[in-house]
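Let chain A serve as the given structure and place chain B on it in line with the hints.
There are 2 protein chains.
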Amino acid sequence: MEISFSQKLTELEPAFYPRSIAVVGASGNREKPSNRFLQALLDAKFKGEVYAVNPNHSEVLGVKTYPTLSSIPQRIDYVICCIPSKSILAFLEDCTAAGVKIVQMFTAGFSESETPEGIELETEIVRQAHKGGFRIIGPNCIGVHNTEINMPYGISGLIGKSGTIAFLSQSGGVADTLLKSGFRRGIHFSKMVSFGNGCDLDCLDFLEYFTLDPCTRIIGIYLEGIKEGQRLFRLLRSVASHKPVVLWRGGRTKVGSEAAHSHTAALTSCYEVWSALSNQTGIIRMESGEEMADVLLALQYLKGFTGHNVAYISGLWDGGGGDAVSSADMLTSMGLELPRFSPWTEKHLRALLPPAGSIFRNPLDMGSSGYRPDILFHTLEIVDADPLIDLIMIQMHIDDLLTDLGSGSTAAIISTVIRFSKGQHKPVIIISTPGVPQYERWTLEGKLADVGIPVYASTERAACSIASVIRRNMRAL
Amino acid sequence: MEISFSQKLTELEPAFYPRSIAVVGASGNREKPSNRFLQALLDAKFKGEVYAVNPNHSEVLGVKTYPTLSSIPQRIDYVICCIPSKSILAFLEDCTAAGVKIVQMFTAGFSESETPEGIELETEIVRQAHKGGFRIIGPNCIGVHNTEINMPYGISGLIGKSGTIAFLSQSGGVADTLLKSGFRRGIHFSKMVSFGNGCDLDCLDFLEYFTLDPCTRIIGIYLEGIKEGQRLFRLLRSVASHKPVVLWRGGRTKVGSEAAHSHTAALTSCYEVWSALSNQTGIIRMESGEEMADVLLALQYLKGFTGHNVAYISGLWDGGGGDAVSSADMLTSMGLELPRFSPWTEKHLRALLPPAGSIFRNPLDMGSSGYRPDILFHTLEIVDADPLIDLIMIQMHIDDLLTDLGSGSTAAIISTVIRFSKGQHKPVIIISTPGVPQYERWTLEGKLADVGIPVYASTERAACSIASVIRRNMRAL
Numbered sequence: 001m002e003i004s005f006s007q008k009l010t011e012l013e014p015a016f017y018p019r020s021i022a023v024v025g026a027s028g029n030r031e032k033p034s035n036r037f038l039q040a041l042l043d044a045k046f047k048g049e050v051y052a053v054n055p056n057h058s059e060v061l062g063v064k065t066y067p068t069l070s071s072i073p074q075r076i077d078y079v080i081c082c083i084p085s086k087s088i089l090a091f092l093e094d095c096t097a098a099g100v101k102i103v104q105m106f107t108a109g110f111s112e113s114e115t116p117e118g119i120e121l122e123t124e125i126v127r128q129a130h131k132g133g134f135r136i137i138g139p140n141c142i143g144v145h146n147t148e149i150n151m152p153y154g155i156s157g158l159i160g161k162s163g164t165i166a167f168l169s170q171s172g173g174v175a176d177t178l179l180k181s182g183f184r185r186g187i188h189f190s191k192m193v194s195f196g197n198g199c200d201l202d203c204l205d206f207l208e209y210f211t212l213d214p215c216t217r218i219i220g221i222y223l224e225g226i227k228e229g230q231r232l233f234r235l236l237r238s239v240a241s242h243k244p245v246v247l248w249r250g251g252r253t254k255v256g257s258e259a260a261h262s263h264t265a266a267l268t269s270c271y272e273v274w275s276a277l278s279n280q281t282g283i284i285r286m287e288s289g290e291e292m293a294d295v296l297l298a299l300q301y302l303k304g305f306t307g308h309n310v311a312y313i314s315g316l317w318d319g320g321g322g323d324a325v326s327s328a329d330m331l332t333s334m335g336l337e338l339p340r341f342s343p344w345t346e347k348h349l350r351a352l353l354p355p356a357g358s359i360f361r362n363p364l365d366m367g368s369s370g371y372r373p374d375i376l377f378h379t380l381e382i383v384d385a386d387p388l389i390d391l392i393m394i395q396m397h398i399d400d401l402l403t404d405l406g407s408g409s410t411a412a413i414i415s416t417v418i419r420f421s422k423g424q425h426k427p428v429i430i431i432s433t434p435g436v437p438q439y440e441r442w443t444l445e446g447k448l449a450d451v452g453i454p455v456y457a458s459t460e461r462a463a464c465s466i467a468s469v470i471r472r473n474m475r476a477l
Numbered sequence: 001m002e003i004s005f006s007q008k009l010t011e012l013e014p015a016f017y018p019r020s021i022a023v024v025g026a027s028g029n030r031e032k033p034s035n036r037f038l039q040a041l042l043d044a045k046f047k048g049e050v051y052a053v054n055p056n057h058s059e060v061l062g063v064k065t066y067p068t069l070s071s072i073p074q075r076i077d078y079v080i081c082c083i084p085s086k087s088i089l090a091f092l093e094d095c096t097a098a099g100v101k102i103v104q105m106f107t108a109g110f111s112e113s114e115t116p117e118g119i120e121l122e123t124e125i126v127r128q129a130h131k132g133g134f135r136i137i138g139p140n141c142i143g144v145h146n147t148e149i150n151m152p153y154g155i156s157g158l159i160g161k162s163g164t165i166a167f168l169s170q171s172g173g174v175a176d177t178l179l180k181s182g183f184r185r186g187i188h189f190s191k192m193v194s195f196g197n198g199c200d201l202d203c204l205d206f207l208e209y210f211t212l213d214p215c216t217r218i219i220g221i222y223l224e225g226i227k228e229g230q231r232l233f234r235l236l237r238s239v240a241s242h243k244p245v246v247l248w249r250g251g252r253t254k255v256g257s258e259a260a261h262s263h264t265a266a267l268t269s270c271y272e273v274w275s276a277l278s279n280q281t282g283i284i285r286m287e288s289g290e291e292m293a294d295v296l297l298a299l300q301y302l303k304g305f306t307g308h309n310v311a312y313i314s315g316l317w318d319g320g321g322g323d324a325v326s327s328a329d330m331l332t333s334m335g336l337e338l339p340r341f342s343p344w345t346e347k348h349l350r351a352l353l354p355p356a357g358s359i360f361r362n363p364l365d366m367g368s369s370g371y372r373p374d375i376l377f378h379t380l381e382i383v384d385a386d387p388l389i390d391l392i393m394i395q396m397h398i399d400d401l402l403t404d405l406g407s408g409s410t411a412a413i414i415s416t417v418i419r420f421s422k423g424q425h426k427p428v429i430i431i432s433t434p435g436v437p438q439y440e441r442w443t444l445e446g447k448l449a450d451v452g453i454p455v456y457a458s459t460e461r462a463a464c465s466i467a468s469v470i471r472r473n474m475r476a477l
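First to last, the protein sequences are chains A and B.
Each step along the first sequence adds one to the number in this note's numbering, with nothing skipped, and position 146 is 146.
Each step along the second sequence adds one to the number in this note's numbering, with nothing skipped, and position 346 is 346.
Certain hints may be false.
Which bits of chain A does chain B cover? Going by a derived footprint, with three or more residues having C-beta under 8 Å, they are [stated by the list, open to error]:
id	region
1	287-294
2	319-325
Sample of chain B residues lacking proximity to chain A, with all beta carbon distances greater than 12 Å (derived) [stated by the list, open to error]:
id	residue
3	Glu13
4	Ser181
5	Gly229
6	Asp384
Straight-line Cα separation of at most 27 Å, DSS-like style, residue types lysine-lysine; simulated pairs [to be verified]:
id	chain 1	residue 1	chain 2	residue 2
7	A	Lys32	B	Lys347
8	B	Lys47	B	Lys32
9	B	Lys161	B	Lys303
10	A	Lys227	A	Lys131
11	B	Lys347	A	Lys254
12	B	Lys161	A	Lys347
13	B	Lys347	A	Lys86
14	A	Lys422	A	Lys161
15	B	Lys32	A	Lys347
16	B	Lys86	A	Lys254
17	A	Lys347	B	Lys422
18	B	Lys254	B	Lys347
Worth flagging that the hints you see were computed from the coordinates, not collected in a lab.
Beta carbons are placed, not taken as given, at the ideal position from N, Cα and C, and that holds for glycine.
Pulled out of the complex, with its shape left as it was, chain A reads as follows:
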């Protein structure tokens, strides 16, 4: 009884574009999750109606509060439920009476508890939902985030710039970490959903939705278990050809898989199923949150990009030779190329840069002269003009620049790169290896992120991500 794709878009409309949200159980006690969910909706300035449900209050955090869902005069699209699992059945009756569309259950204590009662209760809530005409996200989850309508992710009121990446995650924490680390790096999400145990709506539903969602161009997935392997396989193969999909599977080892069962009651599948998923569907597979963030950033930036030829530039300030040598190792061992510059390029670089301490082949070591904005800009122009080069990578050591040269000079270097990138140039990627921590580093990296220039903490991480993206883009041609 599969429903059609376009039906899925309509069916999940109240999950991703709710006009009204009610938080059940909010009491004003700031330590309780219900209040944190409510506060986040207020902080984020959610573009819809917000209500609280609590029989003992008429107002919580300044929000009009009703004793039940069914006593709210407006129809409620999306309910956030944080009440204990023992009171859940009475609550679901209220949901039915009120005619709500989506119930997101933060509440835990179901099948993931591995107790007969928890397992039975989970079966029962699904039965109630089907009977009552609403759908459940969860239980044991954080639910939906939609930047477009200022619908915050769970208990944090943070709303980033609307982007094109949808992330669906069995774990609420994994999505939260990605969202927060992505915030400073300019990884922009369209939507997110964490679905925990996925007892009703699950991975396949959300994946179908994101496949059709016009705001979503890239899909990231963190998954601990699958229920319908064949359907997922077919779906991934069909999605991956037109939207890049990055999949991180938690629970791939024995201990991880046992933990996954206690976490989201996931039945992690055998190795063969997962291998087939990545090898035959064209998805990108990752094995950590860092890798996931890195590759989503590269996908966002290098849309359809298939160029393999990287120019690596180091030595802006202090010795760049070791960076040049070791980065050449990392880039080429990932399958990228560092072609030797054309004679024209080398000639012009030799005329511009100091003869001693520089390396004029590619990788280029600027011999500590690149901290001068004029020289840096001119170097970028020369390298950009080289027909053998597709992409420019610059090792900046922003912490070190700030430590040694101070704010003004470092900001001028960053502005130079930004000014260059605004011309009709080849893509620029910045490496900023951490040094003695300088807070201004975040500000400057933020400026780069704001204009869409990706920043990586090491050449290794950049190389790995870019190579994955280029491989994917080649395959999708």
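Frame of chain A, contents of chain B only:
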């Protein structure tokens, strides 16, 4: 004509414990390397005499300045030379006349330039050194750093706490990055040396010295090429059995190797030689600066440690389930174990932590209750008492704690871990995955580093480093 080990210690005494240093070419122009070297000696409060040499000044940056080395009344142990390569021969005559011991040549433009003149000039300076009775470090290098006598590394006046790690590097920049990133992480160095082209003193000399140096317990090496493979092999095999050695080889790929030749004139050797080096000598091999820092930190902390059994704790504040699952994957796939807790441990954890949202096996998810210092401390005590556990790893998300709970509560959590670690407990390792950047994170991570608790940015990086160290320690038993 190999000299004996103890002779090496005496011979290199003026390199690592100079009583007097002269900077040749300093003029007061702050942009010039000579002045930056001189300023760094002053900033670091070098425990010895400092002189400048410049015929046109009697004082530079407040330092007594002489026209030549030979006109300085005191005998000079260590000379820092930043003058252009064309004036180098006259300068070396002055070195001979003055009876200096060590000449560190920052000056570049020798064999790494790949020109006949550069190559010939390098041969000539070695000839002059042998004739004049002094040794050369470099050319094209940053030279020696010794924390014990406040001898700074190159042009930065930064002096960290004296430690037990010696780092020898063909690249000045690689050593600089390691020093700076290590500064905030509590990676403490005894000595460092970057030797560039290594035309006279080279890797083998410094490795012999560090092997004997009583202040050095751990040796890190960044190397782009080797001249005497058999000698290096024998030496590494003999050192590695009593001092851990970590080797990162730059120039392992074709393009990297070509860049290495332009960087330090290194003749990178074939793959087979390097494989033999790591497989048969018991050294730890790394392929990036991040990995080098990570593993040095683990070596410093886990002296002789061979325990494989990790307890992983997550869920201090928000959802720790995904962290638990994915970290179990990362730790076990690196060969570490996460044994299930003993029944006693599980019983006590169940009595302490919230029933819903927690995972009571190992990995442990504290179900968002670990932000309370009393509960965290008690949990650590319970886990510590489990005889199946050797090492405790805690996922803290310090950025997120600061964002959500503020400074005071986060500092209290950090203090709890520090207080726990001060008891007679099992080693603790902290994971602090970056979130929305908070500057206080560095302060708090610094507090952990100050008491010797290692902090890693991801479980993956911690797992990889710890596993390498344990494998090495097992082998050295």
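Going back to the hint list, which numbers does this structure go against?
4, 12, 16, 17 and 18
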